[in-house]
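Peer 1: With the sequences and hints as input, model every part of the structure.
Using the numbering used here, count along the sequence shown one by one with no gaps and you end on 964.
Don't read these hints as lab results, they were simulated from the structure. Some hints could be false.
Claimed, not checked - Quick list of in silico lysine-lysine cross-link-like pairs, BS3-like style, CA-CA up to 30 Å:
(1) 246 - 183
(2) 649 - 823
(3) 603 - 672
(4) 347 - 358
(5) 951 - 914
(6) 25 - 135
(7) 650 - 732
(8) 713 - 723
(9) 458 - 375
(10) 785 - 824
(11) 603 - 32
(12) 785 - 816
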Amino acid sequence: MKYNFNEIEAKWQKYWADHQTFKAENNSDKPKYYVLDMFPYPSGAGLHVGHPLGYIASDIYARYKRHQGFNVLHPQGYDSFGLPAEQYAIQTGQHPAITTAENIKTYRRQLDQIGFSFDWSREVRTSDPSYYKWTQWIFIQLFNSWYNNDSNKAEDISELVKIFETEGNATVNAVCDDDIKAFSAEEWTSFSSEEQQKILLQYRLTYLAETEVNWCPALGTVLANDEIVNGVSERGGHPVIRKKMTQWSMRISAYAERLLQGLDKIDWTDSLKESQRNWIGKSVGASVTFNVNDHDAVIDVFTTRPDTIFGVSFMTLAPEHELVSQITTPEQKEDVDAYIEATAKRSERDRMADVKTISGAFTGAYAEHPFTKEPIPIWIGDYVLAGYGTGAVMSVPCGDQRDYDFAKHFNIPIPNIFSPLAPKEGTDADDLIATEAFAEKSGFVLKNSGFLNGLKYKEATKKVIAELETIGQGKGTTNYRLRDAVFSRQRYWGEPFPVYYDETGMPQMIDEQFLPLELPEVDKYLPTETGEPPLGNAKKWHWLQYGDRAEIVSKEEFENSSPSGRLGGALELNTMPGWAGSSWYFNRYMDANNPNEFASKEALAYWQDVDLYIGGSEHAAGHLLYSRFWQKFLFDKGLVPVDEYAKKLINQGMILGTSAIVYRISGTNKYVSKGLKDKYDIEELRVDVNMVNSSDEIDVEQLKQWQPQFKDAEFIMEDGKYIVGREVEKMSKRWFNVVNPDDIVADYGADSLRLYEMFLGPLEQYKPWNTAGITGVHNFLKKLWKLYHQGENGSFYVSGESSPPSEGLGEALKTLHKTIKKVQEDIENFSFNTSVSTFMIAVNELTAQKCTSKEILEPLLILISPYAPHIAEELWSQLGNSGSISTAPFPEFDESHLVESSKNYPISFNGKMRFTMELPLDLSKDEIEKAVLENEKTQDQLQGRTPKKVIVVPGKIVNIVG
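Peer 2: In C-alpha cells:
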C-alpha cells in the first residue's frame, strides 16, 4: 500500500470537520487548557509558508494537551477590519465586505489543508456586526467610566456625578485632563447640562480631545505609529504629516502603573516585557513651573534631574506646543512658522530616532527661572515631542547631550554648574552627563547655586523639590511616557462608534438595546469633497429615536421630524481603529455564539484566561499593550475574572525567504549574469523566485513574460545560463520571494510541511526557507509508513493485535521509552525542532530492529500525532482503533526500559578494536575475562598464543595485550 498523502489528508480533514473533533465544551470535568494564536488579518494574497509557523507550534501543543486529558480550547477567527481592504475598495469600487469574505474563504481553505485542530464553531470576525456589537458595547462602558486613583480602579461615571453633587471636585483624585478647574457642589448644580457634560468628558476613560495625530493625506486617514515606516505610510509609502484633529482617545495612561506591575506576574518573554516597560516609560522626578515673561502663561516641565535646575540656560518646546503661537514675537514669527511646517512632515518615530540632526527656532520669548529670576530664552525643537511629558523641557546643556549639541549649534551660553563635570571644548559627551552612579563615586557637587553648594545628587534633588513646593512652582512627581491612545480613524472599513451628537454638539451614546450600529452603504470610500471621513458619503447617517423606537435617517428627515420627545443627531463619522476588535477577542472565544452577553459569567469562570498565547513580537507595544489595558478595565467593572488575560506568551521567529536578484547595467535594459556583474555599474532588481531552479538559473523566457520591462531586455549569459544572485530576507510579496503553502501541500503533503517548519530550527529564531530541504522530512514520513507495511505490495502488517508479545522487545521498548521521554520534554520546552530529529532516530532504530509489534508501534503514533496528525490518524485507524487518535492518552514513560542489563563491549587487541561482544552487566571482572577468552573470535586473533595481560574495565572495555 502506497503512502498516498493527498488522499489521506483530505480524508481526515473531512472526518474532523464532520465530527467536530476539536470542539471544546464550556462545561467539562476535564481540566481546561486554552491555546490562542494571534488574530490573522485575511489579506488578498493568502498565506505564505512563513505564516503557519506559530500556528503549527500552537497546534502541536494543543494536540499534546488533549492527549494529556485536557479540555482544550484552540479557536481561530479573523481580524477582518482594516486599511488594506478599504484601499482595494477605493481602487476597484468593490465593497470591502465582499473582498474580505473572499480572502477569509481562501485563508480558511489554506488553514484547513494544513490540518490545524481549531474549534471552528467559535470562529469570530471583527467585521461581523454580531461581534462588533460587543466592541461598541465595551466602548460605551469606557465612556461611562472614570479612573479613581484612591481605589485604583475604573468606576461608573454616575459615582463621580454623586461626588460632584455633594462635594464638588476639590477632593476628587482622578486621572483626568490637566486643565481641570475647581468647582463646588453648588456650582456643579448651577451648570447647564452641556457644561456638566463637557466637564465629565475631561474625566471619562474615552473622551474627545484635540490631539496631534499622524495624518496621511493620500490615504485620507490617521495612522498609528506602527503603521509608519521611515516617515511614510507602511501601506503605499505615502507621506505622513503631524496634524491637530479632534479625536476620540482612550485614557490608557490611567493604567500605566498597573500595566507595568502586571508584567511581573505573567510568563512572557523578557524582550517583550522590556519593550512594554520602555513604552510605558516610568520616570521619577519633579514637575517644575516656569512663568513666561510678559505673558499670563506658564510652562510646566517634567525632569528626572531637578538638581540640575541651576544649569538651565534655555527652554525647548515641541513645535506643536499650544503656547508657541501665543508667545512667538512678530520678529520671529516667519522663522517659527517655517520650522513648524517643516516639522509637521516628520513622524514622531523619526524625530525620536534622529540624534544627529540639530534644528530649531527661537520664539523671541523668555521664561523666568523659578529661583534666580533670570530670563531664559524659549526655543522650539523637534527633538521635543508634544505628547511626551508636557511637551517642554528645561534644557541643561552641561548635563544632557542633546541640549549640549543644541546649545553649541545655536551659540546658547552653557553655564558651569558641575564640578568636576564642567564642559570644555572637545570634552567627550559621556563626560558631560552627570549620573547618579558617577555622583556616588566621585562626590561631584553643584556650585553657583546658592543653597545647593556642596550637596550630592540625591540630597540636591530632595532640596530642589522641597524648595519648589515651598514657592509653589513645582513638586515631586512620577511621569510615564505612555500616552493616551488616539481611537479615531478616518476610514470606512472599521467599527462605527455608537455615538451621535445632540443639538448642543455633545456626544451621546446610543442605547445598548439598539446595538449593533451597522456600517451604512456608501457610494465611494474616499473622504467627502469637504474633507469629512468616508461615512460622510452615507445618504442616511443621523440617529432618530423616540422612546424604544429608533432608526437611521437622512439629515433632512431628521430636521423635519417632530422635536417632541426626540433624541438623536448626526452620527459619528470616524470609525474605530483596527486594534478595537483585537483588544478583547480572546474573551469572546470563550462564548462566541452568545447573543446576550460578550461572554457569560459561567464561560468566563471556566476558561478564566489564555494558558498559552503564540504570536509575533512586533505586536509588543500595540495589540499586547492595548489588550492588557482593556482586560484590566473589564476586570475593574467585574466583567472578567482576571486582570491579565494570557499567562504565558511565546514569540515565534520568522521564516525568511531567499530572494532572487537580477543585475541591470545602469542606464540600459541589459542584464548580466551574477558572475559578470563586477565588470559593470549595475542595479539590483528582485524577481519571482518561482522562475529560478535549484542551481540558481532563471528561466529567461519566463522572465520576459513576467513583467513588461523584461520583454525586450538583453541578457548577457555565462556558459549559456543566466545565474541570479541570492539574498535571505523577509518573506514578502514586495521581494517576490513568497512560497505558497498550497504548492508545498500538493507536492509533499501537510504533514511534511508541518514537520519541516518545526525542523528548521528553534521556534523563536529566524530561519531561512529552502524548499529542497523538505524532501528529508517527506522521506521520513514514507519510512514511517513503511514501518507499518510489509512485503512487496506494502500490505499493512502489525503483529500482536490482541495480546502484544512481552518477550524479545527489549531494544524496541528502549527505543520507544527514550522517545517518549525526549518528545515530552521537547514539547513542554517548546523545542519542537529536536522532536523531529528524535522521531527520525526512533523510526530508523525500529526499522533496523524489524519491529512489528503493536505494543511499540501504537504508542509511537500518539507521539507523532501532534506533529503529523494525518498519517497518525490513518495508521491508528489501520491498527483497528475507532474514532480519532486525538484523545488517545499520551504514553507514559517507564524508566525501567532504559536501564541497561548488558553491555556491548569493544574487544581490543594491543589497543586496536577488532570486534564487539554483548555481555551481561552483572558479570565480575574474572567472568568477563573468561567469557572473552573463550570466544571463537578471540581464539582466531590469538592463534594459540597465551596473552600477556587482559585489561578489563567493567561496563566499558576489554583489551588483550600480547
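Peer 1: Does each hint hold? Answer for all of them.
Peer 2: So, going through the hints one by one against the coordinates:
1. 246 - 183: holds, 24 Å
2. 649 - 823: holds, 26 Å
3. 603 - 672: Since the Cα atoms of residue 603 and residue 672 sit roughly 68 Å apart, the hinted pair is violated (cutoff 30 Å).
4. 347 - 358: holds, 18 Å
5. 951 - 914: Holds - the C-alpha atoms of residue 914 and residue 951 are around 15 Å apart, at most 30 Å.
6. 25 - 135: Distance ~25 Å between residue 25 and residue 135 Cα, so the pair holds.
7. 650 - 732: Holds. Residue 650 to residue 732 sits at ~27 Å (cutoff 30 Å).
8. 713 - 723: Within the cut-off at roughly 18 Å; holds.
9. 458 - 375: Holds, at roughly 24 Å.
10. 785 - 824: holds, 20 Å
11. 603 - 32: Distance of about 19 Å is within 30 Å: holds.
12. 785 - 816: holds, 20 Å
In this structure, only the earlier hint numbered 3 is contradicted, and the remaining ones agree with it.
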